[in-house]
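In order, the protein sequences belong to chains F and W.
The numbering used here puts the first residue of the first sequence at 104, with every later residue one more than the last.
The numbering used here puts the first residue of the second sequence at 145, with every later residue one more than the last.
Certain hints may be false.
[Claimed, not checked] Computed spacing ranges between beta-carbons, pair by pair:
{"#": "1", "chain 1": "W", "residue 1": "R308", "chain 2": "F", "residue 2": "L128", "range": "33 to 39 Å"}
{"#": "2", "chain 1": "F", "residue 1": "V187", "chain 2": "W", "residue 2": "Q170", "range": "33 to 39 Å"}
{"#": "3", "chain 1": "F", "residue 1": "T198", "chain 2": "W", "residue 2": "R309", "range": "50 to 56 Å"}
In case anyone wonders, no lab produced these hints; they're calculated from the structure.
Positions of the beta carbon are idealized from the N, C-alpha and C atoms, including for glycine.
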Amino acid sequence: MTAVTVRMPRTRELSPRWEVFMLRLGAGLVLLGLWEGLVTWLSPSYITRPSGIARVFWEVVSNRSTPLTQLSGSFWFDVQTTLVAVFEGLAIGVTLGVIVGLAMGRLATVEWALKYYVGALFAMPVIAILPLMTLWFGYTSTARLWIVVIGAFLPVALNVYEGVRKLPVTYLEVARTYHARWWNVWFGIALPASLPYLLAGLRLAAGRALVAAVVAEYLLAIKGLGFFIRSDTQSFHQNQAMVAVIMLALIGIAINTTIDAATRHFLPWFRREGR
Amino acid sequence: MSVSFDRLRGPLIALLSLAAGAALWQYLGTTIPKTEFVGFTATISSLWDLITNGELFTALKESMEVFAIGLAISFVIGFFGGLLMARLPRLRIALEPYVAAFYAMPGVALIPFILALFGFLVKAKVIVVVLFGIWPILINTLEGARSVNPELLEVAKSYRSNERRLWLHVIIPYTLPYAMTGVRQSIARCLVGMIAAEFLLSSSGLGDLIIRNTERFQTGNVLATVLVIMILATILIGIGRALENYFARWRAGE
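Just chain F, same shape as in the assembly:
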């Protein structure tokens, strides 16, 4: 045993994690400080700032209704309303998207018949048709549901379509050799093989669904976090409204993290490409 093993000092092993945490905490404090300072210095007192949010935070999340929240229901009720609308729309939109995407990927006729429609609608900001929805369904939660469904449907349909198109030919040849039925090919081969694309589409769909729901609530004045934000900002209760924004951010982050974790867990070989 002549070899000398150079031993790293223990702190060296410990530091990176600790350092990362401290860096991030520090950056967060600096950002909050900048926000607080700039707003105090430059803006009128009703503009939201961290100290104000901290002051009203518990009041809002403990659901104690202020005269204003009576307008829009209570905080958790609004959270629930928005979440239910988003997940309902996602469920319908994703199901339809998977079916249409599979059909477009497997059947040339369907592909050619639909690809320009789906492509053009996907490119368009979905909220642009929200006023049209109000003409059809009124200022109701049905209009919100439709806009969320459309927002969720398009990215999933396009992504699944792309995934199925890139299906390796060998898979199909094997399937043909074993006399697989069409439903075996669609749901047993094409769908699992395009799962990474489906998950990438789902990530996009969830973001779009959330945006669509919030804009619909805001614009149509129907219950939910969007309306909570609207009524509180319009009555100079910005700090309360900011709690709802933080909630929305947390929902967005939670959805993304869940989908990313699912991708890593089920498809460790897949590296998400930008889409």
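Since chain F is already given, all that's left is putting chain W on it; use the hints.
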């Protein structure tokens, strides 16, 4: 013969499908009240009216101004911010979670606050567009600049490249294709920001055209404007894709 027919089959189906769509549109126009839906030909004639009386052109100009300035600012901040974060690992580590949070959150929720801070100025709308568009560019640039092949850097260093040249000749050219992927993603998001800002801030541009005509039940004008937005979005995203492909050729050699 059969080969050429096979090649024609797809486009033919697409044409047929578009024609069927227009026919269905026309038919629905005759059965649904005019305040809710109008037929294809009525929509086209509304579109023609909007073109000839100049309303569409004005709206397009207003919208595109907000969009273009917003996208340009997003690119400048996103690109240089991404490079800076790639160069300074501590800065990257410190800011990463906050960038991810802003990217994941629905930016529309911040519009009322921007309204309170900046009022009804054009500036406010541009800020909304930037808020939507900056993140994909920043994140893609950062990813690109971090993935520069170390061999390239070593070669450059062994030829005694200084820091400035290293950036100008190696890192920035290497990163641009990634940034362009970001731009392509950002175009779609900026369009959403543009419409949302025009709906929720002072109404102007294409968003205003939709809202105003919806309130007056001028459904033909609403449908015509939606059609214009759809075409515009398809063209802009097509340009984004073309840019991305053009710069992607640089990446092909790696």
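50 to 56 Å as the expected CB spacing between R309(W) and T198(F), which holds or is violated:
At 55 Å between Cβs, range holds.
Just to be sure I understand the hint, the distance between the Cβ atoms of V187(F) and Q170(W) should be within 33 to 39 Å; is that true here?
holds (37 Å)
C-beta pair R308(W), L128(F): status relative to the range 33 to 39 Å that was hinted
holds (34 Å)
In the structure shown, no violation is registered for any of the earlier numbered hints.
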